[in-house]
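There are 4 protein chains.
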Amino acid sequence: MIKVGIVGGTGYTGVELLRLLAVHPEVQLTAITSRKEDGLPVADMYPSLRGRVNIAFSAPDKADLTQCDVVFFATPHGVAMAQAPELLAKGVKVIDLAADFRIKDRAVFEKTYKIDHTAPELLEQAVYGLVELNREEIKQANLIANPGCYPTTMQIGYAPLLKAGVIDAGHLIADCKSGVSGAGRKAEIGILFSEASDNFKAYGVSGHRHTPETSAQLQRFTDQKVSLIFTPHLVPMIRGMHSTLYAKLTKDVSNEELQKLFEDAYKDEQFVDVMPFGSHPETRTTKGSNMLRLAVHRPDGGDTVVVLVVQDNLVKGASGQAVQCMNLMFGLQEDLGLNTIALLP
Amino acid sequence: MIKVGIVGGTGYTGVELLRLLAVHPEVQLTAITSRKEDGLPVADMYPSLRGRVNIAFSAPDKADLTQCDVVFFATPHGVAMAQAPELLAKGVKVIDLAADFRIKDRAVFEKTYKIDHTAPELLEQAVYGLVELNREEIKQANLIANPGCYPTTMQIGYAPLLKAGVIDAGHLIADCKSGVSGAGRKAEIGILFSEASDNFKAYGVSGHRHTPETSAQLQRFTDQKVSLIFTPHLVPMIRGMHSTLYAKLTKDVSNEELQKLFEDAYKDEQFVDVMPFGSHPETRTTKGSNMLRLAVHRPDGGDTVVVLVVQDNLVKGASGQAVQCMNLMFGLQEDLGLNTIALLP
Amino acid sequence: MIKVGIVGGTGYTGVELLRLLAVHPEVQLTAITSRKEDGLPVADMYPSLRGRVNIAFSAPDKADLTQCDVVFFATPHGVAMAQAPELLAKGVKVIDLAADFRIKDRAVFEKTYKIDHTAPELLEQAVYGLVELNREEIKQANLIANPGCYPTTMQIGYAPLLKAGVIDAGHLIADCKSGVSGAGRKAEIGILFSEASDNFKAYGVSGHRHTPETSAQLQRFTDQKVSLIFTPHLVPMIRGMHSTLYAKLTKDVSNEELQKLFEDAYKDEQFVDVMPFGSHPETRTTKGSNMLRLAVHRPDGGDTVVVLVVQDNLVKGASGQAVQCMNLMFGLQEDLGLNTIALLP
Amino acid sequence: MIKVGIVGGTGYTGVELLRLLAVHPEVQLTAITSRKEDGLPVADMYPSLRGRVNIAFSAPDKADLTQCDVVFFATPHGVAMAQAPELLAKGVKVIDLAADFRIKDRAVFEKTYKIDHTAPELLEQAVYGLVELNREEIKQANLIANPGCYPTTMQIGYAPLLKAGVIDAGHLIADCKSGVSGAGRKAEIGILFSEASDNFKAYGVSGHRHTPETSAQLQRFTDQKVSLIFTPHLVPMIRGMHSTLYAKLTKDVSNEELQKLFEDAYKDEQFVDVMPFGSHPETRTTKGSNMLRLAVHRPDGGDTVVVLVVQDNLVKGASGQAVQCMNLMFGLQEDLGLNTIALLP
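Protein chains in written order, with this note's numbering: chain A, 1 to 345; chain B, 1 to 345; chain C, 1 to 345; chain D, 1 to 345.
Careful, some of the hints might be misleading.
Same chains, same label: a pair holds when it works inside one copy or across any pair of copies.
Taking lysine-lysine and the DSS-like style, the derived pairs with C-alpha atoms no more than 25 Å apart in a straight line are [claimed, not checked]:
{"#": "1", "residue 1": "LYS163", "residue 2": "LYS104"}
{"#": "2", "residue 1": "LYS90", "residue 2": "LYS139"}
{"#": "3", "residue 1": "LYS186", "residue 2": "LYS36"}
{"#": "4", "residue 1": "LYS186", "residue 2": "LYS114"}
{"#": "5", "residue 1": "LYS90", "residue 2": "LYS251"}
{"#": "6", "residue 1": "LYS163", "residue 2": "LYS267"}
{"#": "7", "residue 1": "LYS248", "residue 2": "LYS36"}
{"#": "8", "residue 1": "LYS260", "residue 2": "LYS248"}
Keep in mind the hints are simulated off the structure, nothing from the lab.
Just so we're clear, the structure is a prediction, and the values are computed from it rather than from any experiment.
Could you build all of it, start to finish, from the sequences and the hints given here?
As structure tokens, then:
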């Protein structure tokens with residue numbers, strides 16, 4: 001059994017880790033820390049876990065995380081970089097669900113997140129945890145930078161096109177929509193039910209933190225300079241993410257060839273479902289599951305390709321992807337504990 | 001492996017059976033019938049099942065259900081009574097999720113459902129599939145009448161009080177609220193998103209089919225004549241049911257004694273969670289799971305007891321309960337395939 | 001033109017007052033106070049008011065409310081009682097949307113709201129602002145205690161039955177459901193979209209502040225001692241309230257007589273719509289309007305009468321009712337500025 | 001008083017016309033036709049209109065629409081073209097909310113809508129009813145082709161940029177999102193609450209009927225060949241539309257100049273609100289009102305301009321726009337009956 005610690009278990013990615021790990025056959029939940037909720041049984045905060053998770057939150061200083069085999073950080077940015085060095089030094093693997101190790105270029109990180117990086121020496125060793133594009137490195141990793149939710153959809157959607165060199169990398173437009181849980185479990189007016197329900201809006205249109213992360217990763221797949229416009233929107237639903245990816249074709253490829261690029265790229269992937277050409281994937285077909293679905297379109301037969309990508313932002317977009325990484329890091333079957341079928345309707 | 005057939009797999013209880021059974025370790029999905037969708041791969045209708053359920057719907061006359069060990073009827077009322085006799089005669093067990101065998105009194109059934117009963121000889125042998133109140137009979141059953149969703153909550157909530165003889169059985173008021181999936185997957189104006197969203201209403205207040213079913217079952221637990229007012233309402237959410245049960249206390253019992261009645265009644269039940277006295281169970285703590293949660297209240301310390309009961313209407317209220325019955329009928333562990341934790345948030 | 005001031009204009013009842021008063025033909029919005037938002041244009045906080053409300057919030061100490069003809073308090077409990085004495089002394093009428101003057105019995109108030117009453121001398125003079133049950137007094141009033149949202153539905157629904165003496169006043173059960181806006185515009189976890197959406201729950205079941213207010217008002221209509229069980233629930237919708245009111249009939253009345261009690265009681269009321277016997281009023285038929293709709297039922301023809309009452313909790317349940325009072329206090333037509341038709345769908 | 005007839009009053013644009021026209025000071029509702037609901041009082045179908053609209057639906061052959069001054073067609077495509085010639089011949093003005101007269105090029109219309117045009121002689125005379133871009137012609141019109149909901153947002157958003165010649169008209173990308181009411185009041189599985197709620201999806205990505213309409217209109221503003229990619233999506237909310245419009249800048253313009261283009265274009269418009277540069281308009285700020293709001297962005301200061309446009313799809317996107325046209329056609333004040341403030345929250 002793998003002894004697992006979770007730092008910051010009170011947020012949505014934290015409780016989602018608990019939901020997944022509580023039924024994972026090779027995991028023993030060992031410690032869940034929360035500064036504010038020290039001593040509170042986890043199931044008192046999340047009654048859905050009553051009878052299933054029987055430990056309590058403990059204050060960070062009371063929990064001996066070095067007893068764990070792996071520690072997940074489901075924390076705001078800045079926490080993992082402070083604690084990871086000691087854990088790694090003691091042989092504990094670390095999976096950070098925040099952004100601390102996602103951007104290799106320290107200057108870009110610090111400009112983007114407006115904090116100093118306190119463990120820059122780990123940036124090189126950190127492995128970006130997008131399994132489908134990085135599997136072999138993840139197997140060897142001790143420190144995982146779990147991808148952002150939006151970046152996961154953009155990379156899975158654009159990678160086959162960039163690798164094949166059939167699109168203009170200098171003019172990518174990603175129009176993305178997320179359920180409200182993506183904003184986290186914070187007491188803020190803007191995400192109250194009476195504010196976010198029955199409403200739709202964009203946010204961060206002039207510039208968003210996920211753009212540099214995504215651009216840097218996409219750049220790996222092409223020699224052309226990547227230029228990405230990324231526009232996030234808030235959808236009145238709890239879970240789910242839908243990315244509508246636009247690119248201009250620079251080569252004369254048929255619809256069949258486009259479709260084949262994707263089918264070939266993901267033919268061995270159990271968590272990427274390439275739907276028939278021209279399909280319209282719905283976010284609800286991934287709700288609660290680690291599945292990402294996509295479909296390719298070519299509006300009016302023109303020179304623009306559109307890729308529609310859906311996932312559950314809390315699973316494949318966050319905690320499920322982290323567990324997928326953990327499975328690989330410990331030599332387990334990749335889908336262990338991740339086989340739940342989406343809740344539909 | 002148990003060979004399972006599903007008649008009427010296109011509705012919400014049907015797809016919910018598929019979701020549960022596709023990952024059930026002892027089940028082999030053998031046939032799913034649909035008159036209208038003959039030949040259509042199940043996953044084409046429900047993309048959430050892509051890669052997980054690989055069979056197609058078949059027309060009723062093409063499917064040899066007698067090859068199955070058990071057949072679930074996820075159909076409108078009237079279908080199971082037509083087909084059950086032949087299946088039972090050939091040794092196939094039958095679990096009906098509709099009402100055909102729920103009411104023992106043929107006259108009451110026919111008056112309530114306004115159809116003739118074509119298999120009245122089976123009414124006696126049919127076992128009412130509410131496991132927590134009927135476990136031993138279910139283990140021996142060949143024909144299960146799976147309870148209605150509302151009746152499940154009312155029976156679990158009132159039974160301990162009636163058995164203990166502490167309430168006035170002649171004046172029970174059950175104010176119940178259901179998510180919209182309870183209305184089924186039918187093309188009807190009233191359950192369109194633009195009609196049912198951002199709205200709340202009662203329906204069937206003057207009389208509802210679940211009243212006679214519930215009254216007859218509750219009568220088993222008391223000598224006093226049961227009189228039940230049952231008021232269903234429609235909540236703008238997909239899944240979830242919340243019953244607020246009122247009863248007048250006829251004996252001088254303390255809050256602790258009330259609480260103990262429930263804790264004792266369900267102390268060995270893994271799918272009934274008696275929360276601390278005065279709790280407010282939320283429907284979302286059961287979403288996608290087979291768990292039913294309840295809590296006992298006594299407003300302003302008076303002589304009225306209020307029991308709050310929540311469940312997922314499609315799981316414990318329908319398909320999960322049916323699988324729970326199946327497990328017992330085949331001598332399996334009761335919770336096999338039913339251990340999913342609720343999806344929260 | 002009536003010069004209107006609003007104290008506490010940033011909450012939901014505040015912005016609803018603004019929406020209604022901005023198009024009221026006899027009103028001039030003169031001052032809107034907010035301690036936190038001093039100087040902020042109202043339309044910056046509520047862009048729906050851009051181009052329609054052109055004043056800014058001002059700090060309480062900067063606004064000279066004594067210039068107003070009437071001041072609305074859309075504040076938490078305790079604010080109006082502090083400021084009303086001075087305003088009234090200077091001839092300014094006061095309408096309090098909070099609870100400060102709703103309960104005549106000071107001891108009950110202080111026990112219920114757990115604060116000292118600092119203006120007990122005004123309790124006698126305050127008029128309870130439920131127009132349909134109190135019109136003549138309201139016309140003469142200088143200080144209005146605007147009713148709570150739940151109490152409005154319970155009084156309108158029970159009053160005709162109590163006045164006619166046909167029900168048992170000692171065993172009233174009111175099962176009520178409210179949209180989330182009723183919880184106010186507060187940064188609290190429990191009313192986040194991701195917590196309150198796709199969910200249903202009861203709250204305050206063991207005792208709620210609206211019970212004493214309602215019981216005291218209902219007592220006016222009967223000599224029998226009123227005993228009320230009131231259970232509030234939270235519905236995943238922004239606006240709307242549905243009360244399901246139960247009472248036991250003590251006299252042999254026909255359905256027609258029951259219906260006539262209500263039709264007679266409200267035949268001259270333009271904001272109370274008595275629907276045909278056995279109807280199921282929907283909250284959405286009142287969304288954004290000052291209309292309250294009700295319908296009478298008698299389940300299975302028994303001795304229990306059920307009254308279904310719906311309203312928009314922010315309009316007839318709060319700000320619309322307050323404007324209705326204002327119209328009467330200033331001798332205007334009762335429906336001035338309140339004629340908007342509900343937004344459906 | 002203007003005598004108004006409505007053909008097809010049972011759909012969502014029909015009931016929205018009723019909501020607006022019932023309180024319009026210069027309108028007398030004279031006839032509302034419905035083939036299926038002949039004789040049914042309008043308020044029985046839409047209880048929100050109880051006490052406000054007192055006429056009944058009448059079968060088309062029973063209603064003498066020639067008595068009307070103007071007839072609105074809130075019907076499926078194909079109905080207005082059949083009845084408009086006779087009405088126009090008798091001096092009745094016609095406003096068609098469907099597509100029959102939106103596309104001047106008959107061949108394009110017939111290819112797009114897959115029906116023959118039976119009144120091609122009227123195509124020339126029909127005036128496209130987008131007031132802000134076509135006001136003078138509308139004032140003189142007898143036959144109005146009311147714009148589609150999506151096309152309204154795209155035209156208002158792109159027109160100033162195209163007129164100024166600062167963008168590449170050959171590569172416009174419009175990523176648009178609509179509330180579910182846009183799909184109409186039809187008994188279809190796909191728009192059931194349990195299917196469309198808690199979900200997000202694109203539809204018609206490979207080609208949608210609003211593309212030719214919009215392209216043709218946009219072409220009026222530029223000599224460059226317009227090429228438009230239009231992607232509609234379905235948002236789980238009843239009302240509201242959000243269009244995210246992308247264009248590549250071809251000239252070196254500052255943010256201030258971009259903003260000024262829009263402010264100048266719409267400075268006299270009471271139903272177009274140009275928000276400050278970089279704002280994020282929310283659909284709810286237009287709910288129930290005829291207002292359209294927009295804001296201009298320039299992500300990361302690059303060469304892509306993004307225009308965010310919101311409106312209520314049933315008001316400015318349909319029925320409100322139609323009433324705005326009617327006001328102009330009859331020489332009334334443009335905003336008569338259209339001054340309602342959006343319902344927020």
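Discussion item. Tell me the hint numbers this structure goes against, listed in increasing order.
Written reply: 5 and 7
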